[in-house]
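Same order as they appear, the protein sequences are chains A and B. Just so we're aligned: the first sequence equals residues 1 to 323 in this note's numbering. Just so we're aligned: the second sequence equals residues 1 to 263 in this note's numbering.
If you are wondering where the hints come from, they were derived from the structure by calculation, not from laboratory data. These numbers come from a predicted model, not from an experiment. Yeah, the Cβ is synthetic: ideal placement off N, Cα and C, and Gly gets one too. Keep in mind that a hint or two might mislead.
Claimed, not checked - For lysine-lysine, the following DSS-like pairs were computed, each having C-alpha atoms within a straight-line distance of at most 30 Å:
#1 251/B - 244/A
#2 321/A - 260/A
#3 203/A - 251/B
#4 83/A - 251/B
#5 293/A - 257/B
#6 280/A - 257/B
#7 146/B - 109/B
#8 251/B - 293/A
#9 104/B - 153/B
Unchecked claim - The following label-pair restraints were derived from C-beta to C-beta distances:
#10 225/B - 2/A: 35 to 45 Å
#11 14/B - 132/A: 16 to 26 Å
#12 109/B - 44/A: 43 to 53 Å
#13 214/B - 35/A: 39 to 49 Å
#14 81/B - 32/A: 35 to 45 Å
#15 32/A - 225/B: 21 to 31 Å
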Amino acid sequence: MSAPVFALIAHKDGKADDSALELLAAARTLFAGSSPVALVAGSGPQVQTVAQEVARAFDEVWSFDQPDLGYPNAELLRPLLTKVLPQGAMVLLPHNPLGMDLGPGLSVKLDAAYVPDVIGSEGLDGQTLKVIRQEFNGQVSAHVRCEVSHGAVITVRSGAFPPAVASAAGKVVDRSADAAGLAARRRFVELLEAEAGDIDITKEEVLVSVGRGIGEQENLALVEELADAMGAVMSCSRPLVDAKWLEKARQVGTSGQTVKPKVYLALGISGSFQHLGGLKGNPFIVAVNKNPKAPIFQAASVGVVADLLELLPELTEAVKKAR
Amino acid sequence: MEILVCIKRVPDSAENEIVVDDGGRDIRRDDLTYSVNEWDNYAVEEAIAIAEREGGNVTVVSVGSSEAEEVVRREMAMGAGQGLLLQDDAFDNSDGRGIASILKAAVTKGSYDLVLTGAQADDGAAQVGGMLAAMLDWPYASLVNKVEVSDGKTLRIGREIEGGAQEINEIQTPCVLSVQTGINEPRYVGIRGIRKVASVEIPVLDAAALGIQAGSVGPSGARVSRVDYFVPATGKGAELIEGTTKEIAAKLVHLLKAKGGLK
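Model the full assembly from the supplied sequences, consistent with the hints where possible.
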């Protein structure tokens, strides 16, 4: 008998997250012929709304409605899942701040293998699951072998598996009683939304985006000059915000802004999946990086392997002349 | 507050071009520069800042070969009082769970209120902190970008979630937090700082000293192992523009103009 497969559904404001159908696709790819069960935990009427939505894709949905679950606190979800999941279960989670919070500890509590940030699969062979991951910030991929006889907790990268088509008439099983009396030593207090800065990069058609490859803070002036010459706005990748060189409102990526420009210049940006996750709308991407192996060259339309400090002044000059 | 920070020595992927070697068995390591994992550096800074504010001690620990000593010393030079090395041939090729169980043994030998890790390292797994917390049966929070000590028993922490939002939680000590980059500005370590800690003795604990059964870690204890590295055959990728700097600039301007990039 094949192992039971589960997918945790992230949801917000009564709607399932895009990851729901991607997890279903991943489950079917990793465990051929499986019929994964969707897990929907929350509080109030939206639990049923989400459960019904998800039942159009999954054959079976377990819903957990308890006041404590109103915000997805991994410290409550972990004991809940440890309690309700059968031995040897394969559990799929989105590789997002919730899945990363919940997954590692859940694997320990279930005594299951932990398989993080999966981007592809070569299927299950007996009790060995072979998956594809990335290491070194996406510079290389790896085949990874996992012994799953005790089950597995698997987090799936957003965008790695094309979403499954919702074509089921699944049943919803109310298992709220199992979620009674959960306790945690971590309490959700509040959500602070990102401060709206003076700059809104989300509406810009042309972005000149800069990353760690710029080297020194004073070199940002070269990028600013180019952006000014082009009539564009400067955005950036995460390391420049971490270094406090540029404000958070300029950051493109899953932990920053989601942008959809027509033209995107990626200057000294390696192109991690978190960065590319914030870049939508299939823009024309020009990548400049001194490392020819940088993942950004896989996403870019055109690329230049060059030193930014040499190229930038020339490029700014050429832009000015062309106007 | 007694704080333990778990750190890892990694190839610096911002500085290095990572090349698959030896038919995929490993990456080419000869010319790599190694440093402390970037996330861990933020974790060490946060620990030192908390200890300076609230009182207490910071210990830096690493599971690894003798080369790990260099990064432990570097982080001690930032202001951590103690270092600790967990070293044994039996630890080689452990999976994340193996590393977490080795660290667990070290944590239970001390009396720590707080254990910090970096949110992730070179393998992008982001797993050891959460596993360690579960093994200790301590509460855990990942992707932490703010720590305030409310009272001796409770921390008020921020977690970085999607879209730049921050999730505020209260968490009881003892606990494990994995620290996100950007939480602080790690202090600079000069050559003088490194010299100051050059002769500080760093205890080394092996499997026996930690009470770890050799077969429970290393390859025999690992459920997850890498088969090989490879560079995926992707789509066509970017069309590369070559030439002198002047020629490249001219071609780029031509393309940008055609695509509406000059406004």
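Hint check:
1. 251/B - 244/A: 33 Å, violated
2. 321/A - 260/A: 28 Å, holds
3. 203/A - 251/B: Given pair residue 203/A, residue 251/B holds - Cα atoms ~27 Å apart, limit 30 Å.
4. 83/A - 251/B: 61 Å, violated
5. 293/A - 257/B: Within the cut-off at roughly 27 Å; holds.
6. 280/A - 257/B: Holds: residue 280/A and residue 257/B sit about 21 Å apart, inside 30 Å.
7. 146/B - 109/B: 28 Å, holds
8. 251/B - 293/A: Answer holds: residue 251/B to residue 293/A is near 22 Å, not above 30 Å.
9. 104/B - 153/B: With a Cα-Cα distance of about 21 Å, the restraint between residue 104/B and residue 153/B holds, given a limit of 30 Å.
10. 225/B - 2/A: 35 to 45 Å: Given a distance of about 23 Å, which is not inside 35 to 45 Å, the answer is violated.
11. 14/B - 132/A: 16 to 26 Å: Given about 23 Å between the Cβ atoms, the range holds.
12. 109/B - 44/A: 43 to 53 Å: For residue 44/A against residue 109/B, whose Cβ atoms are near 46 Å apart, the range 43 to 53 Å holds.
13. 214/B - 35/A: 39 to 49 Å: 41 Å, holds
14. 81/B - 32/A: 35 to 45 Å: 54 Å, violated
15. 32/A - 225/B: 21 to 31 Å: 23 Å, holds
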